[in-house]
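Protein chains in written order, with this note's numbering: chain A, 1 to 109; chain B, 1001 to 1113.
Hints may contain errors.
The calculated BS3-like cross-link candidates involving lysine-lysine, where the alpha carbons are at most 27 Å apart (straight line), are [stated by the list, open to error]:
| no. | chain 1 | residue 1 | chain 2 | residue 2 |
| --- | --- | --- | --- | --- |
| 1 | B | K1014 | B | K1083 |
| 2 | A | K104 | A | K81 |
| 3 | A | K81 | B | K1009 |
| 4 | B | K1009 | A | K104 |
| 5 | A | K57 | A | K68 |
| 6 | B | K1071 | B | K1057 |
Think of the hints as simulated: they come from the structure by calculation, not from any bench.
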Amino acid sequence: GQNIDQPTEMTATEGAIVQINCTYQTSGFNGLFWYQQHAGEAPTFLSYNVLDGLEEKGRFSSFLSRSKGYSYLLLKELQMKDSASYLCAVVNRDYQLIWGAGTKLIIKP
Amino acid sequence: DGGITQSPKYLFRKEGQNVTLSCEQNLNHDAMYWYRQDPGQGLRLIYYSQIVNDFQKGDIAEGYSVSREKKESFPLTVTSAQKNPTAFYLCASSIHLEGNEQFFGPGTRLTVL
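Model the full structure from these sequences, guided by the hints.
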């Protein structure tokens, strides 16, 4: 089967840095997405990785290692508004998006 | 303003009734998708469509039906055959099917009483 593993919940402090990990086992690989989803709202796009390495975009960075089936999302200078769920999704060989269950990030003052 | 809309935001229905959720996009995207999201779970694909008049079952299509008569519209009908229909339903679209970024509508929360 295909599966995506992410921690269920993480807690961090405002102003700090947090790393959310995602490991995957899928039938083929054609890219990995990270989305942010606030409670009761639609997911919004954060990043896309298809090659190994780090992609930086402001306070958010995403890393991919295809050989290890592993990605992480790094959030710096955390703000209260970053409290949300973060969804990892992998594009498999059939170009289907396989979604992880999401990581709920709680930011404390 | 380009985007994808879903209506209504909240929907209540009695058990045994069919209900149709609307999804409209003006992004000129070819591909459209319907997902279901339950608490603590990831998005699960119900149906998807690559092009007008064509659609395919996703992982949990039983009890649901769709149509794609226009490029802009992809309505989802939740039938009485769906055993546990109470959930958050998300519609999405992408330029093409092949792994492009998906843009999501605001979602419809369906509660069956």
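Structure-based check of each hint:
| no. | hint | in the structure |
| --- | --- | --- |
| 1 | K1014/B / K1083/B | holds, 13 Å |
| 2 | K104/A / K81/A | holds, 13 Å |
| 3 | K81/A / K1009/B | holds, 23 Å |
| 4 | K1009/B / K104/A | holds, 23 Å |
| 5 | K57/A / K68/A | holds, 23 Å |
| 6 | K1071/B / K1057/B | holds, 18 Å |
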